[in-house]
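Colleague: I would like the entire structure built from these sequences, with the hints used as guidance.
Chain by chain, the residues:
There are 2 protein chains.
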Amino acid sequence: MFKNILIIGCGLIGSSLLRGIVKKKLTKQIYIFEKSKKNRLITKRLFKKVKFLKNLDNKISNMDLIILATPMSQYKNILKNVSKYITDKNIITDVGSTKNNVENLIKNNSILDRNFILSHPIAGSEVSGPEYGNSKLFKNKWCVIIKNKNKKKLRLITKFWKKLGSNTVLMKTREHDNIFSITSHLPHLVAYNLIKTALNFQQKNKNNIIKFSAGGLRDFSRTAASNEIMWRDIFFSNDRNIINSIDMFIKNLKDFKKKIQNKNNKEILKILKNSKKVRKQIIFMKQDVAKPNFGRDDS
Amino acid sequence: MFKNILIIGCGLIGSSLLRGIVKKKLTKQIYIFEKSKKNRLITKRLFKKVKFLKNLDNKISNMDLIILATPMSQYKNILKNVSKYITDKNIITDVGSTKNNVENLIKNNSILDRNFILSHPIAGSEVSGPEYGNSKLFKNKWCVIIKNKNKKKLRLITKFWKKLGSNTVLMKTREHDNIFSITSHLPHLVAYNLIKTALNFQQKNKNNIIKFSAGGLRDFSRTAASNEIMWRDIFFSNDRNIINSIDMFIKNLKDFKKKIQNKNNKEILKILKNSKKVRKQIIFMKQDVAKPNFGRDDS
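Chains A and B, in that order, are what the protein sequence lines are. Numbered by the numbering used here, the letters in the first sequence go through residues 23 to 321 in order. Numbered by the numbering used here, the letters in the second sequence go through residues 23 to 321 in order.
Heads up, some of the hints might be wrong.
Any copy, or any two copies together, can satisfy a pair, since identical chains are not distinguished.
[As the list claims (entries may be wrong)] List of simulated lysine-lysine pairs, PhoX-like, C-alpha gap at most 25 Å:
hint : residue 1 : residue 2
1    : Lys59     : Lys298
2    : Lys102    : Lys285
3    : Lys102    : Lys169
4    : Lys276    : Lys226
5    : Lys98     : Lys285
6    : Lys299    : Lys60
7    : Lys313    : Lys158
8    : Lys161    : Lys313
9    : Lys185    : Lys47
10   : Lys181    : Lys50
11   : Lys70     : Lys50
12   : Lys226    : Lys194
In short, the hints are calculated from the structure, not lab data.
Modeller: Below is the structure:
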C-alpha cells in the first residue's frame, strides 16, 4: 500500500500501529521517530527491520505516510520540523483524541493544511508503552476521520484504517470534539475525580477505604489509571466542550440529589431503568461484550 | 453446619448463596421463599432437593439460619412475619448494602434485635436473577459483618461467610454506611448520571452518540445496568451519607473545571498521577486484576 511509513512516537498506540502495519504488510519499510531510549530498545527487540530516525529532517520527504502518535502537546514542535520537509507527495495523519486544536495548528500552514488528514481511532487502554502494543487494537473499533476537501488523500487514509480492521466514520471537527467530550472525556474526568473524592475521604477519616473498592470504585480506577500526559492534553485542548459537559453533568447530579431528598421513587426508577436500556444498546452496537462481570474471580 | 437454612428471595445473590451452601454442604435441608414463579422454576430446575415455603409461617421456627436476600424495601413486611415465629434458637442475617435502615427496623423488636446479625457481602454483578447465580460469587470477596453483643451468633455468621470463601471484617453500622457511600453508592450514582447526561446530549443534538461509547462511557454503562429496585433502595436508605458524598464530589468537579480553565498544568497532573497510584493499590490489595483492558476484542 505504501513504500515508506513513518510513525512519530512509539508508545501504546504507535507500537500497535507498527504491529498492525507489519502484520498486514501495508508498507515496504517502516520508520520510527521516538525520543525515549527505553521505548526504542523495546521496539527494536520486537521488530529487527524497523529503522529509527534520529532527527525529523530531510528524510521526511521520502515518507509516503507520516503518523503522529505522540501526546498532542508535542504536535506543535513536531509539525514545525515536519512542515519544512514535506511536499504534496506526503500524507500526514494523527491519532489525537481532540481535533480542533490540531486543525488550528495546521490551518495557517498551506503545505500542512493540504496534506494532513486528521484521524482518531477510538481505541486504547489504561496502560502505556510499546510493550503493550497489539496489532489487533484497532480491529472492530471506530476510527473517526475528519472531513477534508482533498478527496484522494481522504480515501487513502480511510483505506489505511480499514486495512487495520477499523470501521471508519467521517465527521466535522466540531461534531467530533462535541461528541467525544461526552462519551470519552467526561467519563475519564469523572473517574479521576471519583478517585480524588475517595482519597479526600480517606485522609479525613483516617480509614483505609481503597481496600473496599470492589463495590464499584474499582471499575472506575481502571479508567483513572490512564496516561496523565495524554489526558492533561485532552482536557486542555477540548476545554470548552468539556466544561459544558461538566456543567450538564453537575446539573444532573444536583437533580438526582433532590430526588433522593424528596424520595421521588418514580423519577429515580425511570432514570435507573433508562440506563439499563442504554447498556443494552451499547451491547447491541457491539461496543461492549454482554458477558456479565462478577468481580476479579470470574472466569 | 446447620440443619435447616431458609433463603428469602432467590435472585442473583440468593441463588449464589443456595449454590454455595449446597456445594459446601453447610446444611442438611435448604428452603427457599421466593415470590416470583419464574425464579422458583429456574431454581427448581437447578436443585431438585430444594424445598419451597409458600408462606412465612410457623415453619420459620425450625430454621437455624434465615437469610434475607430480597431488595431492602421488602424487609419490613418480611420481618413482620418472621418475628412472629422466631425464637432465640434461630439466627437471622441479610445481605443488604446499607445497614442503618435495617438496624432501625429491628431495634424496637427484642426478639429480632437479639437474633439478627447484619452482614453485607461486597459481591454482585450488573445482571439479576437466579440464572446468573454462582457458588463462587463470595469467594475472596469482603463480607462486612456488623458488630453485635451476641458473640456466639456473631461467630457463627462469621464462620458461615468464611465457609463460602469470604474474607470477613467487623464494622459498626455508621462506619459501614459511611465507607460504602464512597466506594460503592457514589460510583453507581455517578454511572447512572453519566448515562443520563449522554442521553440528554443525544436528545438535544439528535445525534447517535451511544455508538461511540467505547472511549470510556461503555465501562460506566455496565455499572449503570445494575438492578434498579436494589439501587433505589440503597439511595433512599443511605441518603444522608450519599448526599454528603455527592457534595464532596461536585466540589472536586468544580475545582477541576477551574483548573482546566486556568490551564493549571501542575495541579491537573498531580491529580491524574495520584489516581494511577490508587489503581496500583487496588490491584495490590487484590480488589481487581492487573490485566489491562483493550476493549471488547481483547482476549
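Colleague: With reference to the structure, classify each hint as holding or not holding.
Modeller: Tested hints:
For the homomeric pair Lys59 and Lys298, the shortest alpha-carbon distance between copies (23 Å) is at most 25 Å, but the shortest distance inside one copy (47 Å) is not. Taking CA atoms no more than 25 Å apart as the test, Lys102 paired with Lys285 passes between copies only; the shortest distance there is 23 Å, against 59 Å inside one copy. Within a single copy, Lys102 and Lys169 get their C-alpha atoms as close as 23 Å, which meets the 25 Å cut-off; across copies the closest is 66 Å, which misses it. Taking CA atoms no more than 25 Å apart as the test, Lys276 paired with Lys226 passes in both settings, with 24 Å inside one copy and 20 Å between copies.
Within a single copy, Lys98 and Lys285 get their C-alpha atoms only as close as 53 Å, which misses the 25 Å cut-off; across copies the closest is 17 Å, which meets it. Taking the shortest Cα distances, Lys299 and Lys60 sit within 25 Å of each other only across copies (22 Å), while inside one copy they are farther apart (46 Å). In this homomeric assembly, Lys313 and Lys158 come within 25 Å of each other (Cα to Cα) both inside a single copy, at 20 Å, and across copies, at 17 Å. Taking the shortest Cα distances, Lys161 and Lys313 sit within 25 Å of each other both inside one copy (19 Å) and across copies (19 Å).
For a Cα distance limit of 25 Å, the shortest separation of Lys185 from Lys47 inside one copy, 10 Å, qualifies, whereas the shortest one across copies, 55 Å, does not. Proximity of Lys181 to Lys50 under the C-alpha cut-off of 25 Å is restricted to the intra-copy arrangement: shortest distance 17 Å within a copy versus 65 Å between copies. Within a single copy, Lys70 and Lys50 get their C-alpha atoms as close as 14 Å, which meets the 25 Å cut-off; across copies the closest is 65 Å, which misses it. With identical chains, the CA atoms of Lys226 and Lys194 are at most 25 Å apart between copies only, with a shortest distance of 18 Å across copies and 46 Å within one.
Checked against the numbered hints listed earlier, the structure breaks none of them; every hint is satisfied.
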